[in-house]
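*Asks:* Going line by line, the protein sequences match chains Z and V.
1 is the number of the first residue of the first sequence in our numbering; add one for each residue after it.
1 is the number of the first residue of the second sequence in our numbering; add one for each residue after it.
Hints listed in this document are in silico derivations from the structure and should not be mistaken for laboratory results.
The reader is advised that the hints may include incorrect statements.
[Said to hold, decoys possible] Straight-line alpha carbon distances no greater than 25 Å define the calculated DMTMM-like cross-link-like pairs of lysine to aspartate or glutamate that follow:
#, chain 1, residue 1, chain 2, residue 2
1, V, K31, Z, E217
2, V, K39, Z, E43
3, Z, K510, V, D37
4, Z, K550, Z, E43
5, V, K39, Z, D333
[Stated by the list, open to error] Pairwise CB distance ranges (calculated):
#, chain 1, residue 1, chain 2, residue 2, range
6, Z, G461, V, R40, 41 to 49 Å
7, V, V73, Z, A330, 43 to 51 Å
8, V, G33, Z, T108, 41 to 49 Å
9, Z, P199, V, R40, 25 to 33 Å
10, V, V73, Z, A285, 50 to 58 Å
11, Z, Q130, V, V73, 51 to 59 Å
12, Z, I207, V, G33, 21 to 29 Å
13, Z, H616, V, R40, 46 to 54 Å
14, Z, A211, V, G33, 20 to 28 Å
15, V, G33, Z, A240, 51 to 59 Å
16, Z, T108, V, V73, 38 to 46 Å
[Said to hold, decoys possible] Covered, in the sense of this in silico footprint (three residues per stretch, anywhere, with C-beta under 8 Å from a C-beta of chain V), are these stretches of chain Z:
#, segment
17, 212 to 223
18, 747 to 754
Ideal Cβ positions, reconstructed from N, Cα and C, are used throughout, including at glycine.
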Amino acid sequence: MIHSPINPLLAQFLAEAEELLEGIGAQIMVLETRPGEPAAMNELFRLVHTMKGNSGLFDLPAMTRVLHAAEDLLDKVRQGKLALTRDHVDTLLAAMDFVSGMCAQLATRGEVGAQAAHEVHDGAAAALAQGLRALSGEGGQEDVAVPAAPPPEQGIDVPAEAMAAAARHGGALHFLRYQPEEDCFFRGDDPFHTARHTPQVVWQRIIGARALPALGELDPYRCLLGFEMLSAAPLAGIEAHFRYAMDRVALCPLTPAAADDGLDRAVLAEALAAQRRIVALTDDAPWRAARLSAAGAVVANLAALCGDPAPDLPEACAAALAGNSDALLAIIDRLASPAPSAAPVAAAAAAPAPADDPVDAVSPHPSHARSLRVDQGKIDRLMGLIGEMVVARNALPFLAQRAEKVYGNRDMAREIKSQHAVINRVTEEMQDAIMRIRMMPVSVVFQRFPRLVRDVSRKLGKDVELVLEGEDTEADKAIIEALADPLIHILRNSLDHGFETPAERRANGKPATGRLTIRAHQEGDRILLDITDDGRGIDPVRIRTKAVEKGLVDAATAEAMDDAAAIQLIFAAGFSTAEAISDLSGRGVGMDAVRSAIEALHGDVALSSTTGSGTHLRLTLPLSMAVTRVLVLEAAGQLFAMPVDMVIETTRLSTSEIRGIKTERTILRRDRILPIRELNDLLGIPRPARIDDDGEQSLLVARLGENVVALVVDGFRETLDVIQKPLTGVLAGIPAYSGATLMGDGAVLLVLNPRMLL
Amino acid sequence: MPIRLLKTRAAFAGVVSVEEADALQGWLGEKPGRRVDLKRCTHLHPASLQVLLSAHIRPATMPDDPTLAAWLVPLFSAN
């Protein structure tokens, strides 16, 4: 893996990990006091599952191992095979402390650390995983195939040639190693072109030529070459040039050391002294030759560091091997005491100094962003204030009315109204401006998908091309951020279950590479996300069988469902069709979690699939949650609000139209039979709905997810743009209301949450 | 035509794109000891470059383009 000093993906992972760990801790606490609480159990499992999936994206085998063990334990508890005891809780908490400790270390150092740290982690991880597995009754065996730990990264080893070139150049430089993805040619990339046009290159070379297979076995369309460069351009320029490939570029600054750079000189002198002692040894050990060549190699590197090409070095080494080490010793002495005339220029930075923490040597990226980072709380406060402003503004028409009716002053009323118009315009613009501050492009979430898709598909042995469209579509920050989790679940599911292996695809006459498209676009005040794959689609027959097996529906119901309805069963809680549990998906936490997350954002999920040719998911979300347009309703003399996006129509209902089916009262509207509910009943108000003089009632037809319901109310008022405030205190526990707002006359208006009303 | 594949030598000219790699691989594989002229080449897609490197070709002429030569000369002399 290429390591760049600050990896945005890692930063995002850490931010999420913090949240996830918080959630995990909270749910464990809930379960400790109320063992067996299914909601907390499912949530805990989902959090650990997500955390494990995320950790799998990085080379953190120790973390993945512990989380996987914890997940297995929780799965047993969730299925009721195991009761959660205090021991379990203790061990789980210890495991989570370990994970959060690792995250903290990652956050401060940008990587887990050197070899020693790895070993400590692996040891601790093994002990924790064993403990967890012992508790889950598996006798301490790990059945998990944790990816073998790759050799730890040791920062960037800048080749001696580059060091020498940097020394010749003398100015501040950046060393870059660009290792393109193997399949980049298929995306139309020409990495050589990119490398060649890197700004202000002072030294360059192509690497990987030696490792190429013989001509007959070479697949020319897999990129095996890499590029190393020294650039004198500023960091921002380099990053801008490699903006599409920054994750494949390892970068480190090389600064010309000042002449009085005490540390580097001291280290250099120490290293040279050590080589001198080695070369000067006169024993006749059988490994003398190897020892001398090693010392020779070190001297060559040190010479490059000093900017001394040391052309006589190979000869001196050969002489030393033959028994005469005088020439070599002379070179060492020359390097140790540079002639005062030779400008001593040493490249510092990631030089092979005996530092045990190579990352510390790499200076962090300076921030060049010309934007202002503001605490989100401040924006929220602005939003709250503008909400109050809107309420105050709405009071003006009432005041105008009073001026006219109570005080009989019509001129005053007119003036107040004209002032209202002005304030109205300003507040609306202000509201719009604040909303815009909170808007973020979906690319914030999308940017990590290419890597995710690549890693996951590679793990699964599948070949999938990701196409992102409409990345600059914007929506409220809260929506964008909340989208990340569900989208990752969807992608993982699609990669794991949706796509076939290349062989299967070829056998079915499809191109071997699958295509996964995520398209974002705006439609009115909604943002639409279409996730389309050209995989095998969802097999309704298999879904029905599985759903019956899992006890989600009975056989007769499943049989009666049409195919389109059957595939919706994947959204049911606890549904999973994967035969093997992988570390990607397949525990049945995915799709129901997706649906509830999207619904929590006042969004909808629509799924369609054609067996054999693919699956299409459409997420529909509001652009912003800050302002809700509501319809004000009257019920038993009180006012309530209903979000307009749920309303299909408002109409009059004649009592003669009501038909009884069994005990239900229904009405036929637009060729559909709709069940009738009275709002008074649902709110527990013991009063029948008002019937006007013509024997008619007010009827609101509302859409609640898949269902359409007719609600009888006492009457309709105006529609309003409101900023909802969440309910607090005792009221917060009533799910029938999603929030409250103030009317212009100061009255409190409760906003109904129709999903929870029924 | 970015590469003219002749009997004994291949003449590269202008920008050699990714499409050329296949034909070049075949041509070099047919008969050993064929020559490659890069003199008039201004850019070489890494796919074709990989083919040349893998065949251990030492081009008879190096590109006139100075930046391309800066990349390729040390590469082929080390190969």
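*Asks:* Does each hint hold? Answer for all of them.
*Replies:* Outcome of the hint check:
{"no.": "1", "hint": "K31/V x E217/Z", "in the structure": "holds (16 Å)"}
{"no.": "2", "hint": "K39/V x E43/Z", "in the structure": "violated (66 Å)"}
{"no.": "3", "hint": "K510/Z x D37/V", "in the structure": "violated (41 Å)"}
{"no.": "4", "hint": "K550/Z x E43/Z", "in the structure": "holds (20 Å)"}
{"no.": "5", "hint": "K39/V x D333/Z", "in the structure": "violated (46 Å)"}
{"no.": "6", "hint": "G461/Z x R40/V: 41 to 49 Å", "in the structure": "holds (44 Å)"}
{"no.": "7", "hint": "V73/V x A330/Z: 43 to 51 Å", "in the structure": "violated (33 Å)"}
{"no.": "8", "hint": "G33/V x T108/Z: 41 to 49 Å", "in the structure": "violated (58 Å)"}
{"no.": "9", "hint": "P199/Z x R40/V: 25 to 33 Å", "in the structure": "holds (26 Å)"}
{"no.": "10", "hint": "V73/V x A285/Z: 50 to 58 Å", "in the structure": "violated (42 Å)"}
{"no.": "11", "hint": "Q130/Z x V73/V: 51 to 59 Å", "in the structure": "holds (57 Å)"}
{"no.": "12", "hint": "I207/Z x G33/V: 21 to 29 Å", "in the structure": "holds (27 Å)"}
{"no.": "13", "hint": "H616/Z x R40/V: 46 to 54 Å", "in the structure": "holds (50 Å)"}
{"no.": "14", "hint": "A211/Z x G33/V: 20 to 28 Å", "in the structure": "holds (24 Å)"}
{"no.": "15", "hint": "G33/V x A240/Z: 51 to 59 Å", "in the structure": "violated (45 Å)"}
{"no.": "16", "hint": "T108/Z x V73/V: 38 to 46 Å", "in the structure": "holds (44 Å)"}
{"no.": "17", "hint": "212 to 223", "in the structure": "holds (count 9)"}
{"no.": "18", "hint": "747 to 754", "in the structure": "violated (count 0)"}
The structure does not agree with the numbered hints 2, 3, 5, 7, 8, 10, 15, 18 stated previously, though it agrees with the rest.
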